[in-house]
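Top to bottom, those sequences are chains A and B.
The numbering used here runs 1 ahead of the 1-based position in the first sequence.
The numbering used here runs 1 ahead of the 1-based position in the second sequence.
Hints were generated in silico from the structure; no laboratory data involved.
Beta carbons are placed, not taken as given, at the ideal position from N, Cα and C, and that holds for glycine.
Treat the hints with care, since some could be wrong.
Here are the simulated BS3-like pairs of lysine-lysine, each with C-alpha atoms no more than 27 Å apart in a straight line [unchecked claim]:
| # | chain 1 | residue 1 | chain 2 | residue 2 |
| --- | --- | --- | --- | --- |
| 1 | B | Lys344 | A | Lys318 |
| 2 | B | Lys325 | A | Lys344 |
| 3 | A | Lys141 | A | Lys152 |
| 4 | A | Lys574 | A | Lys471 |
| 5 | A | Lys344 | B | Lys318 |
| 6 | B | Lys471 | A | Lys171 |
| 7 | B | Lys171 | A | Lys465 |
| 8 | B | Lys465 | B | Lys398 |
| 9 | B | Lys318 | A | Lys471 |
| 10 | B | Lys325 | A | Lys353 |
| 11 | A | Lys318 | A | Lys151 |
| 12 | B | Lys344 | A | Lys325 |
| 13 | A | Lys325 | B | Lys471 |
| 14 | A | Lys325 | B | Lys318 |
| 15 | B | Lys171 | A | Lys471 |
| 16 | A | Lys325 | B | Lys465 |
| 17 | A | Lys325 | B | Lys325 |
Anything over 12 Å on all C-beta distances counts as not near chain A; from chain B, calculated [as the list claims (entries may be wrong)]:
| # | residue |
| --- | --- |
| 18 | Leu35 |
| 19 | Lys62 |
| 20 | His73 |
| 21 | Gln123 |
| 22 | Pro187 |
| 23 | Tyr377 |
| 24 | Phe392 |
| 25 | Gln581 |
Number of protein chains: 2
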Amino acid sequence: MSDITEIGAPVNFDELSKFNDDITNPTLYKEKWLPKVEAFRRARELSIPDHYKVPTEEVPKDLDEKPFDTIHYLQTTPHISAEEREITDLSVTQLAEAIASGKYTAVQVFEAYAHRTVVLNQFTNHVFEFFLDEGLERAKELDAYYQTHKKTVGPLHGVPVSIKEIMRMKGKRHTGAYVSKIDNIPEEDCTTVAILRRLGAVFYVRTNEPTTMMPDEANNNYIGQTRNPNNSILSTGGSSGGEGASVSSRASAIGMGTDITGSIRAPASYCGCCGLRPTSRRVSAEGAMDGEAGQENLLSVFGPLASCVTDIDHLMKHYINLGKPWETDASCVAMPWRAAGEKYDSAADLSKIRVGILRDDGTVRPHPPISRGIQYVEEKLRAAGVDVVEFPQLLIKEADDIVCTMQRADGGHSQKVLLGESGEPLFPLVRLYLASVCNTAPMSITELRALVVRRDNLRCAYTKFLNENKIDFIIAPTHAGVAPVGRHDGIAGAYYFQYYSLFNILDFPSLAMPTGLRQDPKVDVPYTNQEYRNELDKLEGQKYIPELFVNAPISFQLAGRRYHDEDVVAFGKIVEKILQGN
Amino acid sequence: MSDITEIGAPVNFDELSKFNDDITNPTLYKEKWLPKVEAFRRARELSIPDHYKVPTEEVPKDLDEKPFDTIHYLQTTPHISAEEREITDLSVTQLAEAIASGKYTAVQVFEAYAHRTVVLNQFTNHVFEFFLDEGLERAKELDAYYQTHKKTVGPLHGVPVSIKEIMRMKGKRHTGAYVSKIDNIPEEDCTTVAILRRLGAVFYVRTNEPTTMMPDEANNNYIGQTRNPNNSILSTGGSSGGEGASVSSRASAIGMGTDITGSIRAPASYCGCCGLRPTSRRVSAEGAMDGEAGQENLLSVFGPLASCVTDIDHLMKHYINLGKPWETDASCVAMPWRAAGEKYDSAADLSKIRVGILRDDGTVRPHPPISRGIQYVEEKLRAAGVDVVEFPQLLIKEADDIVCTMQRADGGHSQKVLLGESGEPLFPLVRLYLASVCNTAPMSITELRALVVRRDNLRCAYTKFLNENKIDFIIAPTHAGVAPVGRHDGIAGAYYFQYYSLFNILDFPSLAMPTGLRQDPKVDVPYTNQEYRNELDKLEGQKYIPELFVNAPISFQLAGRRYHDEDVVAFGKIVEKILQGN
Chain A
2 MSDITEIGAP VNFDELSKFN DDITNPTLYK EKWLPKVEAF RRARELSIPD HYKVPTEEVP
62 KDLDEKPFDT IHYLQTTPHI SAEEREITDL SVTQLAEAIA SGKYTAVQVF EAYAHRTVVL
122 NQFTNHVFEF FLDEGLERAK ELDAYYQTHK KTVGPLHGVP VSIKEIMRMK GKRHTGAYVS
182 KIDNIPEEDC TTVAILRRLG AVFYVRTNEP TTMMPDEANN NYIGQTRNPN NSILSTGGSS
242 GGEGASVSSR ASAIGMGTDI TGSIRAPASY CGCCGLRPTS RRVSAEGAMD GEAGQENLLS
302 VFGPLASCVT DIDHLMKHYI NLGKPWETDA SCVAMPWRAA GEKYDSAADL SKIRVGILRD
362 DGTVRPHPPI SRGIQYVEEK LRAAGVDVVE FPQLLIKEAD DIVCTMQRAD GGHSQKVLLG
422 ESGEPLFPLV RLYLASVCNT APMSITELRA LVVRRDNLRC AYTKFLNENK IDFIIAPTHA
482 GVAPVGRHDG IAGAYYFQYY SLFNILDFPS LAMPTGLRQD PKVDVPYTNQ EYRNELDKLE
542 GQKYIPELFV NAPISFQLAG RRYHDEDVVA FGKIVEKILQ GN
Chain B
2 MSDITEIGAP VNFDELSKFN DDITNPTLYK EKWLPKVEAF RRARELSIPD HYKVPTEEVP
62 KDLDEKPFDT IHYLQTTPHI SAEEREITDL SVTQLAEAIA SGKYTAVQVF EAYAHRTVVL
122 NQFTNHVFEF FLDEGLERAK ELDAYYQTHK KTVGPLHGVP VSIKEIMRMK GKRHTGAYVS
182 KIDNIPEEDC TTVAILRRLG AVFYVRTNEP TTMMPDEANN NYIGQTRNPN NSILSTGGSS
242 GGEGASVSSR ASAIGMGTDI TGSIRAPASY CGCCGLRPTS RRVSAEGAMD GEAGQENLLS
302 VFGPLASCVT DIDHLMKHYI NLGKPWETDA SCVAMPWRAA GEKYDSAADL SKIRVGILRD
362 DGTVRPHPPI SRGIQYVEEK LRAAGVDVVE FPQLLIKEAD DIVCTMQRAD GGHSQKVLLG
422 ESGEPLFPLV RLYLASVCNT APMSITELRA LVVRRDNLRC AYTKFLNENK IDFIIAPTHA
482 GVAPVGRHDG IAGAYYFQYY SLFNILDFPS LAMPTGLRQD PKVDVPYTNQ EYRNELDKLE
542 GQKYIPELFV NAPISFQLAG RRYHDEDVVA FGKIVEKILQ GN
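Take the sequences, apply the hints, and build the full model.
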């Protein structure tokens, strides 16, 4: 292993990640749990059909040391046929239409995606669990239905959908990456999975995620770390890292992840696809295996990752309007997916749309490629006639403090229970997270209520600011950097998540999108004479060694008003077109 | 004072209402706070214009001992003119139309309501604070606007609206009935008051409520208890007791109250008007002075009390669609007030509407008049062709336990702070409430989360049951009895609030409505050989001495699916017509 200073990791990492009351138990883990994990791994290997794999020798041995572009490989390898690529290149809308018109069968589509998934996994290790046989069976059933009834079962008929392992799926092991849950096999789909199934989705993989769901990577004791498909030494980010890899590589047509402080937007932006963190309670989040059960102050949400904003619109519209999640999950708001406001439709007068740009939150300075990306988006929007203004660093420290304090409300109790049962080893970023939540006493309910009042005041302050300044949307970095280095020890990971969590605590819908640009060491040179603002700024800033991040997508996020997800998605489609030069 | 056993109060009341850590402080209260309270009372007396009052000798001295029907008095006294009655008899919709068409001026309307309010208050003591001069000024301004612009400012132009004191109003003392807040004068309206003001409402009174907002009465150290306008020895219930008295007596055209475990529906049903507890977050509840700030597990909501369901529809529609509360209060769901489902419109095929009747929750048996009322509603609905089925006692004990446990989550901390600062004396029902929440240690956040999970499971179970059994609405008693006896010592009050709180914990919209029947000692004779099921059943049951409750309205509640407030109100209008024989 190279010296950590080489990749810019902070020298005080050990100090930062110390936490009281360590719940690992090497003996217990080794004796009781590791054998189960090893059996799981063997079964997983056996569940991957050999006929889809590319020859092992095509997979570089030094993926973790030398950047490898798996997406480029998938686009060029002769192991994947032109017809397969034609299928996987389609958007969800196009794909659903092609199946509905009889151009492709569900089985054809499934085979193309299954093949690509197996190959991708050889390079990135993004699949937690394979069940391709069931996917094929389902595709056959859908084709039979189509043959018999001359129509599809729904708007996702035959669409291969990847699902993050955290979501409860009937008859599938449901662990949330906690080893202690290895024997947990639920009998029912969660609401969201059930709806997607009813709409015609074909399930075949559950994707990777980090233990505790909090680190910005996808790494656990079951299958280890997922690599970024654009640059194999980088992480996918997390927690929906497997989804980010899969969707960005067109190994699934669309996928579902979860987001409490960026877990959809981080992997989407690091891997190069779109990811929507909807307003809470619009998509059912019932059925997640995490430490958040009953925690309703900073809500985890489920949401889609897709290769374009149009696909996000397609999924959200049909999921909500046909799926009516509130009919089974009483926590959901019974609010249809509306047509977006006229102001934001495709014929919009762009000069009437005002976008505030938050370039830098004042706490952690974005790395050079991120600043370049934001400036690029700004210029493109201005050129298209959008009214672009500066968005101030409005109550950022207050927002950060509320998020960080809320996260340690229970003193890490629920996590310690889930981890402690197996005594499983803890990866560095898990330790870092636990150190941030376990080293203080649990909050009292009185203290928590005071924090909720601060949260609500913050939300009102932002809403008031948007209204008074007639700002429709906010554009901001998703993170201070592009995808973090993903070494399996995690010490070069992302520590600062507050560009994401600002919109979680506000409960604003927020869409991560690629700019279309990529990191280039020649262009994105380090800032000269950078003076760090604080310890976090230093932690994040000193990791920026241009050569490590080559080819990483440069992304941004677009946020809008609470419950106005439709408007964010509608304007997202406009921005996408502008950035693509259409 | 008569022996408490005479009116059926439980002999173990003292035991039940004992609580640890008493925060009263007679010396502090007497020396520092009582002089302020006395000054408040003197100012209040002076703020009531003499010219509106009826001669003091017309007010019986024995109101608290002998039933007096103030509503009948108001309808017959020559002190109130026929034109005044013509005005106050109009529904809000009719009143707004009459003003908009120029038939009445806002000043005329205001004078009729102001007069009636002052008289009502002489008998019931329902007004916490009068500011009739401001109301008159506002009415004049509205008339001037109408003269100049030949149109109204909004759909409540000139409508006299009463507001529960708990709601923050610009420039008005804001106490929540806590003496410690006597000097609190806020500078801004809360969102809901601001919206009603924009729609054209005329404010002139803030109405009475109980200290801590939890007792089912309206009694405090500022002005004491409010009497029921139908029978002066009965209580209005609470907490929105002043609103119940005002709206039921047509002393305000419509009013706003709050409801966490029945506080809108109790006074509405005991006084004889309609009251809607909307789904949470549809009406802004920002700006309440209570002990609930930051508590988001069992939400307090704001909602209207009105003399008919059509008026509730009018208020909700315009409040939401024109007021857009989410534009200032970011906690509100940005959901328009929709047209109700076709199934429930005025031309509905009633045989397609299925109503489940929950006659008795199995814990506390409804008193004879309540059972008669429910049976009456059932027969009327059946005769009209509605599909009526039994609704089971579904998870009632679980619901009760969740509510009661949630209410003591902070061990009464916030209440103790608000009360302790002044050391004010505590009324019996306040003591009873504090005993129920202060005698256990505050819950941990881990315990609270487990309780939230139970709550969500309960909501899902009800939703599933409604869907599987195709039940559109639930009809249930509001309370085990009609209005409780309201002796100022409170010991004969209502203890069991779980017929209400079932719908709070479910977050189902719930509409309290009068059946049109009234308690009659000759008809509503006690059950023979009643065996009590438990201590609560005994507490509530033994209070039923028929003669005490003469003329009390018999009401019920109609509940529907979460966020489907429009459907509940639309069907409420149908039920209202059926009960009125139209």
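Do the hints match the structure? See the list:
1. B/Lys344 <-> A/Lys318: holds (24 Å)
2. B/Lys325 <-> A/Lys344: holds (18 Å)
3. A/Lys141 <-> A/Lys152: holds (15 Å)
4. A/Lys574 <-> A/Lys471: holds (21 Å)
5. A/Lys344 <-> B/Lys318: Measuring from Cα to Cα gives roughly 24 Å; hence the hint holds.
6. B/Lys471 <-> A/Lys171: Cα-Cα ~26 Å, so holds.
7. B/Lys171 <-> A/Lys465: Holds, at roughly 19 Å.
8. B/Lys465 <-> B/Lys398: Given pair B/Lys465, B/Lys398 holds - Cα atoms ~18 Å apart, limit 27 Å.
9. B/Lys318 <-> A/Lys471: Given that 27 Å is the threshold and the Cα spacing comes to 25 Å, the pair holds.
10. B/Lys325 <-> A/Lys353: holds (21 Å)
11. A/Lys318 <-> A/Lys151: Given pair A/Lys318, A/Lys151 holds - Cα atoms ~24 Å apart, limit 27 Å.
12. B/Lys344 <-> A/Lys325: The hint holds at about 18 Å.
13. A/Lys325 <-> B/Lys471: holds (16 Å)
14. A/Lys325 <-> B/Lys318: Between A/Lys325 and B/Lys318 the Cα gap is close to 23 Å, so the pair holds against 27 Å.
15. B/Lys171 <-> A/Lys471: Holds, because 26 Å separates the two Cα atoms, which is no more than 27 Å.
16. A/Lys325 <-> B/Lys465: holds (13 Å)
17. A/Lys325 <-> B/Lys325: holds (24 Å)
18. Leu35: Since the minimum Cβ distance to chain A is about 29 Å, B/Leu35 lies beyond 12 Å and the statement holds.
19. Lys62: holds (46 Å)
20. His73: holds (43 Å)
21. Gln123: holds (40 Å)
22. Pro187: holds (15 Å)
23. Tyr377: holds (31 Å)
24. Phe392: Label holds. Min Cβ-Cβ 17 Å, cutoff 12 Å.
25. Gln581: holds (30 Å)
Comparing the model with each earlier hint shows no violations; every hint is respected.
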